[in-house]
Amino acid sequence: MNLMPFEQRILPHLDAAYNLARWLARDANDADDIVQEACVRALRYMKSLESGDARAWFLTIVRNAFYDWIARNRPAEVVHDDGTILDATEDPAATDPQDAVIRNAEMRGLAQAVADLPLQFREVLVLRELEGLSYKEIARVTDVPVGTVMSRLARARGLLRRSPLLRAIGAQRAGSQ
Amino acid sequence: MNCTEAKASLTAYVDRETDWLHAHALRRHLLKCTHCAAEHDALVALRARLQSEVPRFSAPEALRSRVRATLDAARGASPARVGGTPGRWNWFTGGALAGGMALALTWFVGTAVFDWRTNEDIAVEAVNAHVRATLGNHLIQVASSDQHTVKPWLSARLDYSPPVPDLAEQGFPLTGARIDYVARRPVATLVYRFRNHTIDVYVHPETSRASPPPLRTVRGFNVAHATGGGTDWLAVSDVSTDVLTAFVERLAATRGTKD
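So the sequence lines, in the order shown, correspond to chains A and B.
One rule links them: number in this note's numbering = place in the first sequence (from 1) + 14.
One rule links them: number in this note's numbering = place in the second sequence (from 1) + 1260.
Quick caveat, the hints were computed from the structure, so don't treat them as lab data.
Don't take every hint at face value.
Which bits of chain A does chain B cover? Going by a derived footprint, with three or more residues having C-beta under 8 Å, they are [claimed, not checked]:
id, stretch
1, 22-36
2, 53-60
3, 81-89
4, 169-175
Take a look, some chain A residues computed to stay more than 10 Å from chain B by CB distance [what the hints assert, rightly or not]:
id, residue
5, V49
6, Q50
7, T74
8, N78
9, L133
10, S148
11, R154
12, D157
13, V158
14, P159
15, T162
16, P178
We put the CB at the ideal spot given by N, CA and C, even for glycine.
With these hints in hand, go ahead and build the complete structure from the sequences.
Here is the structure:
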């Protein structure tokens, strides 16, 4: 089997793949498994990668691997991110501050607020802010129209700005000055 | 533009995903409307915090080993890998590899002569030139932030006169230029800075063939391409893709006004 295309075009994006899987699954070990599975799939479908953007192609596979994985292992999260319930999460009170304080021990402030975002907003935000993908590339990876990418990003940022975690930190900063 | 329209396009604007006209209309609105200007500033501030406070995770070494093991398994019972009969097989695969590389080289040189833009690997060549220049400490042959010094220096050494836009006000000061040899042609390379990053820009008269993709990543370097005013602009840098894309688009748009 010729592995040169995989080694030259896919392996350089292993960090991007891991970062996406890690933010989607919110767990280091699960991210390992998802990326490993995505590599196996990428190897299998290598022929369908033409001259296009290998990074977006690979990230699409990582995302699909994640959704298959979460449907098997944490089906509740998928249901939770159903479109109708998303509207309820716009309410900042939906994040229990007590709960947030406990998790704050692991990850603080803004990073925790990002981790708390509903899945569909989290994925576009991570692809945009951490991977620097264009709207068009994000649309391709997440399989939604560019207009949807834009509205999800706008809402993701809106949720972050209203996040009680962020406000708590802002208050602390203001107080310490 | 009114506030409702402005609010709808602010997200795309801070992501540099609006077209020139739209961005212009929005900027004019922001000058007049303090409410929308505050919204804009808050978004920009949030993006800055996201970039600095939210970690980008790197693949751990254990995962890399796992992936490598998968690759080895996929190679199957390839004799060169299993290593039972080292001498003969290694020699054989080595020869095949060299042959393959020679073939690839022939193909590459052949297409490169044909047209510098038909070959997608122009981006790879540009990155190679960028890396060579950074390593060899000859990043700049003419050091000047003055386009009126740089342009004549380049024109005297090339068979074309490249435009040298001044984008210092936009945060991209010119630091100098050099001549590179890309796809078997001497090419003008303008060297700009953005914060602590170097941006190399390969400037070439536009040709009629299909364009390379607007954005690519080659060995960790971003390569952005734009065409404007009869000129091809290919920028290579380690700055983020959105900054680089916005930058080449500015370059392509300034042609004619500053020249």
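Item to check | Violated constraints from the hint list, given by number and in increasing order | outcome: Violated hints (numbers, rising): 3, 5, 6 and 10; every other hint is consistent with the structure.
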